[in-house]
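Colleague: As a plain string of letters, each chain reads:
2 protein chains.
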Amino acid sequence: MNFVAEALGLSRQTAEKLEEGSILRKAFVRDSFFPDLVDAYRLDKKFGKFEEGTFIAKLKDRTFVARGFPKIRRTLLLDPTLKKHFGNRRIVLEEKMNGYNVRIVKMGENIYAITRGGLLCPYTTEKARKMISTDFFEDFPEYMLCCEAVGIASPYVVFDYGVEFDFFLFDIRNAKTNEALSVKDKVEIAESYSIKTARILLETNADNVDLILKTVQELEAERREGVVIKDVEMKIEPLKYTTSYINCSDLRYAFRYFAEYGRDFMLSRIIREAFQSYEIKETQKDFEKRCLRLGKAILEPLVESIKDVKSGKDVVEKSKIFFYDGRVAELFKRHLKMQGINAKLTYLYKKDGKIYYELQRVMRSTTDKISRILEGGYWQ
Amino acid sequence: MNFVAEALGLSRQTAEKLEEGSILRKAFVRDSFFPDLVDAYRLDKKFGKFEEGTFIAKLKDRTFVARGFPKIRRTLLLDPTLKKHFGNRRIVLEEKMNGYNVRIVKMGENIYAITRGGLLCPYTTEKARKMISTDFFEDFPEYMLCCEAVGIASPYVVFDYGVEFDFFLFDIRNAKTNEALSVKDKVEIAESYSIKTARILLETNADNVDLILKTVQELEAERREGVVIKDVEMKIEPLKYTTSYINCSDLRYAFRYFAEYGRDFMLSRIIREAFQSYEIKETQKDFEKRCLRLGKAILEPLVESIKDVKSGKDVVEKSKIFFYDGRVAELFKRHLKMQGINAKLTYLYKKDGKIYYELQRVMRSTTDKISRILEGGYWQ
Numbered sequence: 000m001n002f003v004a005e006a007l008g009l010s011r012q013t014a015e016k017l018e019e020g021s022i023l024r025k026a027f028v029r030d031s032f033f034p035d036l037v038d039a040y041r042l043d044k045k046f047g048k049f050e051e052g053t054f055i056a057k058l059k060d061r062t063f064v065a066r067g068f069p070k071i072r073r074t075l076l077l078d079p080t081l082k083k084h085f086g087n088r089r090i091v092l093e094e095k096m097n098g099y100n101v102r103i104v105k106m107g108e109n110i111y112a113i114t115r116g117g118l119l120c121p122y123t124t125e126k127a128r129k130m131i132s133t134d135f136f137e138d139f140p141e142y143m144l145c146c147e148a149v150g151i152a153s154p155y156v157v158f159d160y161g162v163e164f165d166f167f168l169f170d171i172r173n174a175k176t177n178e179a180l181s182v183k184d185k186v187e188i189a190e191s192y193s194i195k196t197a198r199i200l201l202e203t204n205a206d207n208v209d210l211i212l213k214t215v216q217e218l219e220a221e222r223r224e225g226v227v228i229k230d231v232e233m234k235i236e237p238l239k240y241t242t243s244y245i246n247c248s249d250l251r252y253a254f255r256y257f258a259e260y261g262r263d264f265m266l267s268r269i270i271r272e273a274f275q276s277y278e279i280k281e282t283q284k285d286f287e288k289r290c291l292r293l294g295k296a297i298l299e300p301l302v303e304s305i306k307d308v309k310s311g312k313d314v315v316e317k318s319k320i321f322f323y324d325g326r327v328a329e330l331f332k333r334h335l336k337m338q339g340i341n342a343k344l345t346y347l348y349k350k351d352g353k354i355y356y357e358l359q360r361v362m363r364s365t366t367d368k369i370s371r372i373l374e375g376g377y378w379q
Numbered sequence: 000m001n002f003v004a005e006a007l008g009l010s011r012q013t014a015e016k017l018e019e020g021s022i023l024r025k026a027f028v029r030d031s032f033f034p035d036l037v038d039a040y041r042l043d044k045k046f047g048k049f050e051e052g053t054f055i056a057k058l059k060d061r062t063f064v065a066r067g068f069p070k071i072r073r074t075l076l077l078d079p080t081l082k083k084h085f086g087n088r089r090i091v092l093e094e095k096m097n098g099y100n101v102r103i104v105k106m107g108e109n110i111y112a113i114t115r116g117g118l119l120c121p122y123t124t125e126k127a128r129k130m131i132s133t134d135f136f137e138d139f140p141e142y143m144l145c146c147e148a149v150g151i152a153s154p155y156v157v158f159d160y161g162v163e164f165d166f167f168l169f170d171i172r173n174a175k176t177n178e179a180l181s182v183k184d185k186v187e188i189a190e191s192y193s194i195k196t197a198r199i200l201l202e203t204n205a206d207n208v209d210l211i212l213k214t215v216q217e218l219e220a221e222r223r224e225g226v227v228i229k230d231v232e233m234k235i236e237p238l239k240y241t242t243s244y245i246n247c248s249d250l251r252y253a254f255r256y257f258a259e260y261g262r263d264f265m266l267s268r269i270i271r272e273a274f275q276s277y278e279i280k281e282t283q284k285d286f287e288k289r290c291l292r293l294g295k296a297i298l299e300p301l302v303e304s305i306k307d308v309k310s311g312k313d314v315v316e317k318s319k320i321f322f323y324d325g326r327v328a329e330l331f332k333r334h335l336k337m338q339g340i341n342a343k344l345t346y347l348y349k350k351d352g353k354i355y356y357e358l359q360r361v362m363r364s365t366t367d368k369i370s371r372i373l374e375g376g377y378w379q
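These protein sequences, in sequence, are chains A and B.
As numbered in numbering that gives the first Met the number 0, residues 0 to 379 make up the first sequence, in order.
As numbered in numbering that gives the first Met the number 0, residues 0 to 379 make up the second sequence, in order.
In short, the hints are calculated from the structure, not lab data.
Treat the hints with care, since some could be wrong.
Note: identical chains are not told apart, hence a pair may lie in one copy or across any two.
[Claimed, not checked] Derived DSBU-like pairs (lysine-lysine); straight-line CA-CA distance at most 30 Å:
hint, residue 1, residue 2
1, K332, K280
2, K349, K336
3, K349, K195
4, K280, K295
5, K295, K284
6, K350, K368
7, K82, K332
8, K239, K295
9, K343, K280
10, K239, K368
11, K59, K82
12, K349, K57
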């Protein structure tokens, strides 16, 4: 771990503090699939200016740092928050996609994908090596491609965008300083290296609330997650704002696995609905539709989980994922185990050069809690 | 505090443990309104066999203990839980009223009312002295009347039962041992001393689930809270089961003051709705009605609180209460202050020998949280 302090440029005193904090964690499972790495750690919490999820590696001939992706603050109201936050600057509304955040970097000879928490993910790395050309990194070796990894073949967040699995770029950042390129530079560079980007839906001023709301409502109709609102120069930090559709979709998920999920997760999404309803001044009829949508998003998954357990099944989360190489699947199992995730990977079939597996995670707490009640137990 | 160990019959070792645990709290504000008391404490947590809320007093010539009212466990399903819990015993369904639990006792020359946590409440004591005759205590000095204090003039739980304020007896218990009289004895005694009782809705066997459900659904239609299901002999502990009406009513309250209320409070009521919906096998149409009811119970109060703050008001909880004696009102203020409750008592008017006050509690956290967001702040 001695290289970490050096890589981050810490004084001896600060380095000691880092060691005491025990926030430095292992970032990968050692394997020939990661040939350029001698060692690697991640920050489990923010440390000084270094974001949670910062990745620090020792390569054969140097150290490498990929700063953690900055937390994007959320607004519950467009007015007056955007105006207050962005002032008179030009802003863009970029689609916020519902997948998982990865930073794609090149270390040594190969491409690597680092998840939000700072872990090298074998699943994502394998896909990134297939889908992202190294050309960009020849010209910009110091930079990272901050992408949303989306699709139905996702080990983490399954959402149907009409693709099996893909990456959509939203930021290009200096890996060491975390400085982001302007929106214009990002778009131009992405185009010239054929990197897909998250859609930019609108460029406007922060006080153009009607048009911004209209854009969000179009996304709502498309059943999409929401927007990240960015200063075109990327000098001011972005904000995020989500649709009612995704609020309810999150709630469905959280209540399906209610004992696994934090109460705060539920409450925050409910509060978002209230502020949105308030801001858009909806009719009584639309308000009732929202109430019904919310009520269903809460009760339907709960009743579904109760029925599952009643019929003798565990409450499980399932997805179908694929690998190009069976050895990466084995490595991915070790990767999940390292994180203490209790999941089962079962071989399904081969097709078009891909090996398909079912990833299944049993929601033990939810299953047990429901089961006890069905057998005549008490709530508390 | 030396009398506590003696009153509870603790060994020296156990008494030391009690002192270390710092669960012994002051139970009253010293005042001439409580003339029979030299000193009094309450248990802030369960200690050995002694329930949370156990009240221990030193009177002029003896000690007095009123055991805490036992926690009643909740069932989310009637079938199979009642059968499993009560077996072949006869049970009654007694109406569970929505007020606050008080134990009425006689100490020295006077009647006193102790709230759930073990506090001597001046407000409730004043009413008990007016409404409950001392006759019962002449014949049963060792017993306590466990009552629900209900009405619209309630400082704690406002609910309209068509009365301004009243007591409804549900248990008669030995104050020292906590042993409860049988349902039949309780009813007979209450009748002979003209004490009002919570309604007994049904006597049956635990496996008569259809009839039990029907009774609950009648309560639902009456917009009442629910039932306590009791072994007629009171040898087995009771269970409680509540209506969808009160689940939603609780949620309305919790979301109106969302930052003041625990997330667990919200989640537990939502889960109750899911199990009830599952158990009664409701039609799709009734299920949708339930979802809409739930959604409204959540969003309406939230939007109401947002609108209050937007219009410059604090989010407040208000009730109108009355005293027969202005000095008790002053004492009640000190009583609230002792508990750290931030409430304001404002004189309104006199009528029919009663002095009316408005009790107002500002919900600071909820008000501040909404206010920050309305001013352009972020959620987190």
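Colleague: Indicate which option fits the pair K59, K82 if close means a Cα-Cα distance not exceeding 30 Å: within, between, both or neither.
Modeller: For K59 and K82, neither the intra-copy (48 Å) nor the inter-copy (69 Å) Cα distance is at most 30 Å.
Colleague: Can you give me the call for K239 and K295, within, between, both or neither, at a CA distance of at most 30 Å?
Modeller: both (25 Å within a copy, 26 Å between copies)
Colleague: Is it within, between, both, or neither for K343 and K280, if the alpha carbons may be no more than 30 Å apart?
Modeller: neither (47 Å within a copy, 34 Å between copies)
Colleague: Classify it for me, K349 with K57: is the Cα-Cα distance of at most 30 Å met within a copy, between copies, both or neither?
Modeller: neither (36 Å within a copy, 81 Å between copies)
Colleague: Regarding K349 and K195, is the shortest C-alpha distance of 30 Å or less found within a copy, between copies, in both, or in neither?
Modeller: Answer is within; shortest intra-copy Cα gap is 27 Å, inter-copy 75 Å.
Colleague: As a check of your reading, is K349 near K336 (CA-CA no more than 30 Å) within one copy, between copies, both or neither?
Modeller: within (24 Å within a copy, 71 Å between copies)
Colleague: With identical chains treated as interchangeable, where does the CA-CA distance between K239 and K368 reach 30 Å or less: within a copy, between copies, both, or neither?
Modeller: between (35 Å within a copy, 19 Å between copies)
Colleague: State whether the alpha carbon distance between K295 and K284 is at most 30 Å within one copy, between copies, both, or neither.
Modeller: Both: 17 Å inside a copy, 12 Å across copies.
Colleague: Give the relationship of K82 and K332 under a CA distance limit of 30 Å: within one copy only, between copies only, both, or neither.
Modeller: neither (47 Å within a copy, 45 Å between copies)
Colleague: Indicate which option fits the pair K280, K295 if close means a Cα-Cα distance not exceeding 30 Å: within, between, both or neither.
Modeller: The answer is both: 22 Å in one copy and 16 Å across copies each meet 30 Å.
Colleague: As a check of your reading, is K350 near K368 (CA-CA no more than 30 Å) within one copy, between copies, both or neither?
Modeller: neither (39 Å within a copy, 53 Å between copies)
Colleague: For K332 and K280, with the copy left unspecified, which applies at a CA distance of at most 30 Å: within, between, both, or neither?
Modeller: For K332 and K280, the Cα distance exceeds 30 Å both inside one copy (49 Å) and across copies (41 Å).
This entry does not satisfy hints 1, 6, 7, 9, 11, 12, going by the numbered hints stated previously.
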